[in-house]
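Residues 4 to 816 in this note's numbering are what the sequence shown lists, from first letter to last.
Just so you know, the hints here were simulated from the structure itself, not pulled from any lab data. Everything numeric in this text was worked out from a predicted model, so none of it was measured. There could be a bad hint or two in this list.
Per label pair, the in silico range of CB-to-CB distance [what the hints assert, rightly or not]: (1) 77 with 757: 46 to 54 Å; (2) 94 with 172: 27 to 35 Å; (3) 694 with 467: 57 to 65 Å; (4) 651 with 496: 41 to 49 Å.
We put the CB at the ideal spot given by N, CA and C, even for glycine.
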Amino acid sequence: MSAQESPPRSLTLEEARERAAGLSGVSYDIELDLTAPEQGTFGCRTTVRFTATTPQTFLELTAATDLEVVLNGVRVDPAYDGRRIGLRDLAGENEVLVSARLPYVSDGDGMHLVVDPVDGETYVSAYLGMDITQRVFPCFDQVDLKAPLTLTVRADPAWTVLANGRPTSRSGGEWRFAPTPPIPPDLFVVCAGPWHSVTWEHAGLPFGWHARRSLAAELERDAAELRATTEACFDHYAELFEEPYPFDSYDQAFVPGQNWGAQEMPGCVLYRDELLPPGRITERRRSMRATIIAHEMAHMWFGNLVTMRWWEDTWLNESFADYLGFRVAEDAAGFPGTLVTHEAQRKPGAYDADLRRSTHPVAPRAEDVPDVDAAFANFDAISYAKGNSVLRQLVTWLGDEAFLAGVNDHLTRHRFGNATLDDLVAALDAVSERDVRGWAQVWLRRSGHDTLRVVRDGDVPVLVRDGVRPHRLRVTAYDVGLAEVGSALVDLGEEPVRLEQWAGLVVVPNSHGETFARLDLDEQSWRAVQAGLSGLRDDLARTVLWQTAFAMVQARTLSPADYLRLVADHLPGETHPAVVTAVLERTSAAVLGRRVPPEEVAAGRDALAAACAAGLGRQADAELAHAFTAGLLTHSRDRDLLGGALREGSLAGVELDPGLRWTVLHRLAEIGTEVGGAVEALVAAELERDPSVTGELGAAAALAARPTASAKDEAWAAMAEEQVSNRRFAALAGGLWSGEQAALLAPYVERYLDEGPGLAARRGQAFSQVVGQAFPPFVLDQAQRSRLEQALAGDVPTVLRRYWEDRLDDLTR
């Protein structure tokens, strides 16, 4: 493509390959001026050095003004179209100096500017990703042109500035940072503001946790645990991996407005500051946070030390980090039951994703990911939860010792470079007598998953595989009351496996979730599950069976009514908080939201509320009581119960933290009620009590939930504002939609389908994702489905199209 032509919507595979073939030895010296955020733009001056074997190339830089370019000492007037700077007449060794001003953003894609509503303090952070680095500094924006980065930042002298490397000097408001090792440009980070910090040294390196000043109390509350978790994970990875931690420091920051749950920037990991909540933090949330900490730290090796060459190998980053996150949080950080959380909350979504038209192999071919927009859409349940599950099956099938030996060889061979699936498979194949290459072809290169069936030959259970993949899995036998009788690891391939020793018994294959496959139980086993699910003592096996019930509803082999009876019978007796939460969330989203007509949703939510009330009445365990309380307050239509909980600040002995108080207000608004005053007055009073970002978003959602046309008009108008933030849009959408208000919301379904593509196209990938996630969470009628199909026949941005096609598939499958 010549520099004068209009660029594509995102970088293509062909362009990336061509540019990588012609360039090497890239480095960046970046200077950022963040001293006047009120101006709406920041200053950037970057020197890019590189070796070229091609006469021309291009740098990416988005929406620059006051642009000046000096190439090899000569000021040039390059072709610039708002995305790309064309460079011509290149020498062998080149130096390009680019100066420009760039806009701050409010959607988490670029240099994100936030003013904290609590204290008025300003925070500026670069949240980067695919095709986003170019919004912060000029670069060759692709992962296989790794480069060292040197950074200088000028900011308010009262601020702290965080970045990838250690600060080497600070004079007033000017900070200089040590050069990084070679890293992809999308892993650059800078965070500036009046951070509250907790710092220390460990293993000879500086460590730190940072948060907004208004969250100082929450950071101090959790500082000891956060430090202990960090050190435990760090030390455990030092035992697992032969390659040492590759960077010069390890900061972690809770930041406002980030789109991703967390980002693995080398030396400075970023987390959404919702992970540092006010009030009591439950054991479930602490465990989830530890898993995320372990996940992001795993990226220091998988993604940062060794990086994929192109986005078809996203799984080399995300599947490994997801697998290790759950594993290390339990093995090293001391949070038991992480596998239950994965099986209950993550894996079910991966099974759903694998049935949609958008499914893809865990490791697709490079040509199947033609550009960066297509790659963005693959940051999904396949690359994360399915990839995690497939790696767990690989470890079970291969053995942990061989797995780690191959992984360590891979990391050493490709340190600070780029690698592919073939590189990893070669390393694993070299240390094992098993056919790893054949395994990879059926598990990683193919989409879809197998079904494992239990059939009976007389009273002998027989395992049958419908599919093509080898499985090593645990099979457990139970008596009719689901008391365990026996358990064994079984290899299942083409030939059925007879279980003679368990004749007449209930049999559950994959009882600990070692493999990724649907289960089809025989009638005898399923009857026992229906009768005794909550009495099964094994948390993992019970979770696998809850997932089996979800899958049956989605496959339409179990009716929503029968499923809700299962919930009524067994959710009150559930003993794992993560399972309670997962069943409630899954039932609301995937059963009531996909399989129950809107006119029956209220009755379904009543059933969930009743199950939670029954469960709460049985519980002395604080974690379970909190989970049931959250469910009851989310779904109850009992105005007296809701209003009383808000007034008293507790329910059944469970104190309402700020999140639960906003849950109550959201539900009161949604059902249309006045308890102790108009909902608007209650929301205003609560916002005065909680003026935080959480409070602002909670208030927006509650007011949007009111069942009136004027409230919905106000919500949609706010969602359509030119610079609405990503968080505010999501909160408004969360209040706007309700399955109990489907008739009222019909005009807004139409507006969403009409205006959604424009909203997404105007703001980019991450905002497209937010718009896609705001799809109406209830069953559409036939006219609305037809309107959705009509919209999809038109021009819909790639990322939004993926979400809409997925939802259509969920509704029609």
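Each hint, compared with the structure:
no.	hint	in the structure
1	77 with 757: 46 to 54 Å	holds (50 Å)
2	94 with 172: 27 to 35 Å	holds (33 Å)
3	694 with 467: 57 to 65 Å	holds (60 Å)
4	651 with 496: 41 to 49 Å	violated (59 Å)
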